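Asker: Chains as they are written, first to last, in numbering that gives the first Met the number 0: chain A, 0 to 249; chain B, 0 to 201; chain C, 0 to 215.
Be a bit skeptical, because a hint or two may be false.
Capping the alpha-carbon separation at 25 Å, the derived lysine-lysine pairs in BS3-like fashion look like this [stated by the list, open to error]: (1) Lys40(A) with Lys105(C); (2) Lys51(A) with Lys105(C); (3) Lys105(C) with Lys72(A).
Keep in mind that the hints were calculated from the coordinates and are not lab data.
Model, not experiment: these values are computed from the prediction.
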Amino acid sequence: MSDKKKSNRSFKNSRVYVVFFALTVALVFSVLITSAATMLKPLHQQNRILDKKTNLLEAANLLPENEKMTPEKIQAIYDTHIREVHADPRGQILRSATGDSLQLYLIHTDQQVQGYIVPISTRGLWGKIHGYLAFEADGETVAGFSVYSHSETPGLGGEIESQWFQDNFKGKKILNAHNQLVSVSIAKGRTENLPESLQDHYVDGISGATLTGRYLSEGLEETLTQYEPVSITFRQKKGTQTHLETLLDE
Amino acid sequence: MGDLLSLFINSVFIGNILLAYFLGICSFIAVSKTLETATGLGLAVIFVLTVTSPVNWLIYHGLLAPGALAWAGFPELDLSFLKFITFIAVIAAMVQAVEMVIDRYSPLLYATLGVFLPLIAVNCAILGTSLFMVERNHTFIESVVFGAGSGTGWMLAIVSLAAIRKKVRYADVPKGLDGFGFIMIIAGLMAMTFMMFSGITL
Amino acid sequence: MNKDIFMQNDLSHYKEILVKGIWRENPVAYQVLGICSALAVTVKMSTALVMSIALTLVAGFSGLIISSLRHLIPSNIRIIVELTVIASLVIITDQILQAYLYDISKQLSIFVGLIITNCIILGRAEAFALANNPADSFVDGIANGLGYSMILMAVAFFRELLGSGHFFGFSVIPRFVYDMGFQDMGIMVLAPGAFFIIGLLVWLKNSLPGISHEKK
Numbered sequence: 000m001s002d003k004k005k006s007n008r009s010f011k012n013s014r015v016y017v018v019f020f021a022l023t024v025a026l027v028f029s030v031l032i033t034s035a036a037t038m039l040k041p042l043h044q045q046n047r048i049l050d051k052k053t054n055l056l057e058a059a060n061l062l063p064e065n066e067k068m069t070p071e072k073i074q075a076i077y078d079t080h081i082r083e084v085h086a087d088p089r090g091q092i093l094r095s096a097t098g099d100s101l102q103l104y105l106i107h108t109d110q111q112v113q114g115y116i117v118p119i120s121t122r123g124l125w126g127k128i129h130g131y132l133a134f135e136a137d138g139e140t141v142a143g144f145s146v147y148s149h150s151e152t153p154g155l156g157g158e159i160e161s162q163w164f165q166d167n168f169k170g171k172k173i174l175n176a177h178n179q180l181v182s183v184s185i186a187k188g189r190t191e192n193l194p195e196s197l198q199d200h201y202v203d204g205i206s207g208a209t210l211t212g213r214y215l216s217e218g219l220e221e222t223l224t225q226y227e228p229v230s231i232t233f234r235q236k237k238g239t240q241t242h243l244e245t246l247l248d249e
Numbered sequence: 000m001g002d003l004l005s006l007f008i009n010s011v012f013i014g015n016i017l018l019a020y021f022l023g024i025c026s027f028i029a030v031s032k033t034l035e036t037a038t039g040l041g042l043a044v045i046f047v048l049t050v051t052s053p054v055n056w057l058i059y060h061g062l063l064a065p066g067a068l069a070w071a072g073f074p075e076l077d078l079s080f081l082k083f084i085t086f087i088a089v090i091a092a093m094v095q096a097v098e099m100v101i102d103r104y105s106p107l108l109y110a111t112l113g114v115f116l117p118l119i120a121v122n123c124a125i126l127g128t129s130l131f132m133v134e135r136n137h138t139f140i141e142s143v144v145f146g147a148g149s150g151t152g153w154m155l156a157i158v159s160l161a162a163i164r165k166k167v168r169y170a171d172v173p174k175g176l177d178g179f180g181f182i183m184i185i186a187g188l189m190a191m192t193f194m195m196f197s198g199i200t201l
Numbered sequence: 000m001n002k003d004i005f006m007q008n009d010l011s012h013y014k015e016i017l018v019k020g021i022w023r024e025n026p027v028a029y030q031v032l033g034i035c036s037a038l039a040v041t042v043k044m045s046t047a048l049v050m051s052i053a054l055t056l057v058a059g060f061s062g063l064i065i066s067s068l069r070h071l072i073p074s075n076i077r078i079i080v081e082l083t084v085i086a087s088l089v090i091i092t093d094q095i096l097q098a099y100l101y102d103i104s105k106q107l108s109i110f111v112g113l114i115i116t117n118c119i120i121l122g123r124a125e126a127f128a129l130a131n132n133p134a135d136s137f138v139d140g141i142a143n144g145l146g147y148s149m150i151l152m153a154v155a156f157f158r159e160l161l162g163s164g165h166f167f168g169f170s171v172i173p174r175f176v177y178d179m180g181f182q183d184m185g186i187m188v189l190a191p192g193a194f195f196i197i198g199l200l201v202w203l204k205n206s207l208p209g210i211s212h213e214k215k
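Here chain A stands alone, though its shape is the one from the complex (with noise of 0.2 Å):
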């Protein structure tokens, strides 16, 4: 090989190039890299916030059913029905947080309060099952389920997500006959096969996914007995229309 040739290779393999090389290469990657990631960051934020929305607004059956949303419409309804809300360990409707508060949302059209939606973050398979259970004003009934992020495997656990197991949480009863708190579970294998009694109070098991029927039940029994003070707030006004803004004043 030619002298010019060989002293161009070695000057390519020694120390000092290689250092130089490597410290442009990784500056003018992480230039690009570090660029792109924070001009997309607010684009990312607001992703978050609009499905957190999305899926509260389905758990409350508050989106219309074959219409293309876009996120201004998303947002619009969201600012028409659903307000933010706390509750005090007494059950109390809080406007803001305070130390040992617990979050939940209000489901209210033209000023009345038609229910409420509690937030769940419960254990999973793998990782962490966030969702929403929306309950109707009687504070017994639920009216809807959402799931927005799970880590469970896909195709078994993973249909915690579809519409059919979500769907089949509607109407199902909290309390049972003796008005004790018993939350929903999910059966192993489907409901039809459980004793009357029971029915109201479970939903469709998915096949192969036993461990996260178990985790997401305990998770929600959990969560409910927290949030119970908030629903007895609820069961205590049943019959009388609530006022949103009396609501939170009381």
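We have chain A already, so just place chains B and C on it with the hints.
Answerer: For chains B and C alone, coordinates are given in the frame of chain A:
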């Protein structure tokens, strides 16, 4: 303790990184020709995974996660987008170290594994395990257990495949199917058997 | 006149690289190995499509960049530099997906990140980009990406159709077929289904004429 055991068992059987998530198939095929290479590579992978998973955990939660740099005075900083590059760097370094150790203590294994040893660095299962660890928000101990579990599951799959391939060596497979296609069908059947484990409650 | 001939030669040259990459020169096993890490996203065609586009673009641009740097890279840090380029492109792609296709990026989860360890991209960088000019390397990257995409989409097509009766999310199996007793094949949605479909597709591709056969 029960939770950790449960995580380990789940990673080996139900959520087997190869048979349920399809990661690490490239070396899966090439190295499963003999039981010896399969076992050797499997053990190497378990070791690399058990070490890189917690190391990456430390780097992620100490430097990259949103708010992780609070100890250095930068609580606002979110460098999580750098995780791909840092993880692969850690993995490459780790594999280099493992290579040197194997060369020192078993030159025969080093020679048999040949080019597949450095290829562990680009084995999807290794990077995949670290990424899952971040996505599933594991604690430090969980990342160790998850790494060991993933590795064990991967090794179980590759050793089983090597054993099966030995048995079917003289089978009369149709020409177009022979080789890669056949291995995929075998892997599918193995995946089905592993799914059976999801019926077990601990 | 001369310019026209020159242009024509250029186009057929690129066409040649394209065809080689997609169909002729890639042994099936090599291509299929590359898609393994993405099999998890073949449950639906929409996710498989986004994954294919992401990988094709990363393959093309990594080929372009690495080829442009090929005379400058010191040989002993060659692999590291290649990995850096590929990883950076993947990070940028992931950021873009999270910003503009948030729902799909949630479903793609870690699998976009795994493009970094994809055998095809690193393999082409080593085998082609280091020895050819940037324009050719870009086309080669795109070509290999397209070959990958074809197989990935084919697997997704069967898995979505047989597993849930959908095509890109639209229900396509007519009512009467269900009434006759057909049921969605749950196994297609799960891992074993993907393995079986891949195995059968490889068999099909190996049986077609004009394909290079894998070495045993």
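Asker: Now, for every hint given, state plainly whether the structure supports it.
Answerer: Against the structure, the hints:
no.: 1; hint: Lys40(A) with Lys105(C); in the structure: 16 Å, holds
no.: 2; hint: Lys51(A) with Lys105(C); in the structure: 13 Å, holds
no.: 3; hint: Lys105(C) with Lys72(A); in the structure: 22 Å, holds
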